[in-house]
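A.B. asks: Sequence:
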Amino acid sequence: MKKLSEYLLLWTLGGCLYYFFEIFFRGFSHWSMFVLGGICMVFFTIQGQMVHWEDPLWRQILRCIIFVTAMEFITGIIVNKWLHLAVWDYSNQPFQLFGQICLPFMIIFSGLCALGIFLGGYLAYWLYGEEKPHYHVL
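Numbered according to this note's numbering, the sequence shown terminates at residue 200, and the numbering increases by one at each position without gaps.
Any given hint might turn out to be false.
[Claimed, not checked] What follows is a list of derived Cβ distance ranges for each label pair: (1) Ile-85 / Ile-169: 33 to 43 Å; (2) Asn-154 / Lys-64: 43 to 53 Å; (3) His-196 / Ser-153: 34 to 44 Å; (4) Ala-132 / Gly-173: 27 to 37 Å.
No wet-lab data here; the hints were simulated from the structure. Each residue gets a CB set at the ideal place from its N, CA and C atoms; glycine is no exception.
Construct the entire structure; sequences and hints are all you get.
C.D. replies: Right under this line is the structure:
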C-alpha cells in the first residue's frame, strides 16, 4: 500500500504541475496532459531509485528526456491523430516528427525533467522514507 500511495501522490502532483504549467504558458490544457504529466513524474522518481541515485544527473535527465519524448509521441498519436482532439501541433516547429514531438520542446522538457527528478526524489525521501537522493553532475 505504501508504494501505491507513493505512486498516486507522485502521479497526482506531476499531473497537476504539468496541467497548470500548460495553463500558465499556453492558456489552456487538456486532461490527457494531466495523465501524461503524472506518468512522467512517477518515472522521474523510479528511474533514480532503481539506480540508487548513483547515475550522474546528466544521465538521469537524458533518460527522462527520452522517456518524456516517447510518451509525448505516443500520447500525441493517440489524442491528436487517432482521436482528432487537436491538443497540440508542432508542425510549424523545426526538427519535428508528425507534428507530435520536436527538438525545441525536448530542450524545454529537459529543464522540467531536472525539476521533476529533484522533486520526486526528495518527496519520496521525506514523505515515504525512501533512499535519500544524492545528485552529482559527473
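A.B. asks: Against each hint, give a clear statement of whether it holds in the structure.
C.D. replies: These are the hints, each one checked on the structure:
no., hint, result
1, Ile-85 / Ile-169: 33 to 43 Å, "violated, 21 Å"
2, Asn-154 / Lys-64: 43 to 53 Å, "holds, 46 Å"
3, His-196 / Ser-153: 34 to 44 Å, "holds, 42 Å"
4, Ala-132 / Gly-173: 27 to 37 Å, "violated, 18 Å"
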